[in-house]
Amino acid sequence: MSDTTDVERLLERALEAFGQAEFDEARHLLERLLSTQPDHARAWSTLGICHLETGRTQLGLEALERAIEAEPDNPDHHYWLGNAAGSLGQLDRAYACYQRALELDPQHVKAGEFLVRTRSLLDSREHYRTALQLLRDKQPPQRYLTLALRELLHSMARFPQSPARGELGHCAREILKAARDVAVMLPPGEGLEEWARHHEQGNAGLRFVNHQQALAAYEHALGYKDDDPYAWHGLALAQALGGDLDNAARSWQRCLDLDPEFDFTTLARIQRHSQ
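Numbering (our numbering), first residue to last: 4 to 278.
Keep in mind that a hint or two might mislead.
[Unchecked claim] Pair ranges (Cβ atoms, derived):
{"no.": "1", "residue 1": "Pro109", "residue 2": "Glu72", "range": "20 to 28 Å"}
{"no.": "2", "residue 1": "Gln93", "residue 2": "Glu11", "range": "31 to 39 Å"}
{"no.": "3", "residue 1": "Asp249", "residue 2": "Glu34", "range": "43 to 51 Å"}
{"no.": "4", "residue 1": "Gly92", "residue 2": "Val212", "range": "35 to 43 Å"}
{"no.": "5", "residue 1": "Thr8", "residue 2": "Asp249", "range": "56 to 64 Å"}
{"no.": "6", "residue 1": "Glu264", "residue 2": "Asp42", "range": "56 to 64 Å"}
{"no.": "7", "residue 1": "Pro163", "residue 2": "Gly226", "range": "25 to 33 Å"}
{"no.": "8", "residue 1": "Phe211", "residue 2": "Gln61", "range": "28 to 36 Å"}
{"no.": "9", "residue 1": "Leu189", "residue 2": "Gln110", "range": "58 to 66 Å"}
Everything labelled a hint here was simulated from the structure, so no lab data went into it.
Built from N, CA and C at the ideal position, the CB exists for glycine as well.
Build the full structure now, drawing on both the sequences and the hints.
Right, here's the structure in full:
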């Protein structure tokens with residue numbers, strides 16, 4: 004095969020097979036084409052996608068690199084290279100590829116979508132790494148525990164499947180070791196005596212490592228006063244100790260919504276005005 008007609012015929016057959024999801028057949032035809040015309044950008048790009056579709060991610064990345072060498076200003080090549088890099092865990096490179104695709108075509112919808120997703124993954128990873136660094140010391144300063152938990156929550160907010168989720172139980176146990184009681188005055192209001200009683204039961208449950216008691220008590224306390232950051236924090240600790248990590252993250256986030264400066268190393272000790 005040497006003339007243009009044969010190349011076009013091979014490409015047409017390959018694209019037809021590709022369109023029918025016959026990726027192995029398409030790959031075979033594209034490799035034949037590239038053996039005689041090694042700078043054919045579309046053939047390299049389509050071959051790269053075939054590799055990605057059949058789980059040959061590294062080969063896909065290499066083929067897409069060749070496509071960009073042959074046709075550097077095609078945004079689709081950069082988009083697909085970003086997908087390959089992302090699948091291999093090369094998030095920084097994937098982000099750069101999507102950026103380049105958007106520079107070449109600001110209306111490239113998929114590149115814009117994946118740029119946002121990858122930015123979220125990068126941010127999540129950074130928060131997770133920061134949290135691990137803060138927790139690395141077996142006896143970190145108390146303020147580091149609050150900072151570490153914030154970083155874990157930020158990581159999960161950016162990427163719900165973040166490995167930060169698996170650190171919440173450890174963080175809860177470390178917080179309980181360092182936790183100190185702070186006096187919270189019982190506000191005037193009908194029914195709040197019950198709120199205070201459940202709060203005290205929750206505190207006792209955490210102190211005596213009875214997370215089921217703490218869980219029930221803080222849930223009841225929130226039934227009387229749902230804008231109480233200390234009760235949300237206590238509930239989150241009980242949930243994390245019981246392995247309910249997703250709800251623990253939500254409860255801690257609710258705590259932060261109510262008090263953005265909340266100190267996670269504190270537990271409320273309700274104080275009556277007569278005390």
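Outcome of the hint check:
Between Pro109 and Glu72, the C-beta spacing of about 24 Å keeps the proposed range 20 to 28 Å intact. Checked against the hint of 31 to 39 Å, the pair Gln93 and Glu11 passes, with Cβ atoms roughly 35 Å apart. At roughly 47 Å, the beta carbons of Asp249 and Glu34 sit within the given window of 43 to 51 Å. Under the hint 35 to 43 Å, the C-beta atoms of Gly92 and Val212, about 38 Å apart, fit the expected range.
In this structure the hint that Thr8 and Asp249 lie 56 to 64 Å apart at CB holds, the actual value being about 60 Å. Checking the proposed 56 to 64 Å range against Glu264 and Asp42 shows it holds: the Cβ atoms sit about 60 Å from each other. Range check, Pro163 to Gly226: about 27 Å between beta-carbon atoms, so the 25 to 33 Å window is met. Evaluation of the 28 to 36 Å hint for Phe211 and Gln61 yields a failure: the beta carbon distance comes to about 54 Å.
The hint said 58 to 66 Å for the Cβ distance between Leu189 and Gln110, and at roughly 59 Å that hint holds.
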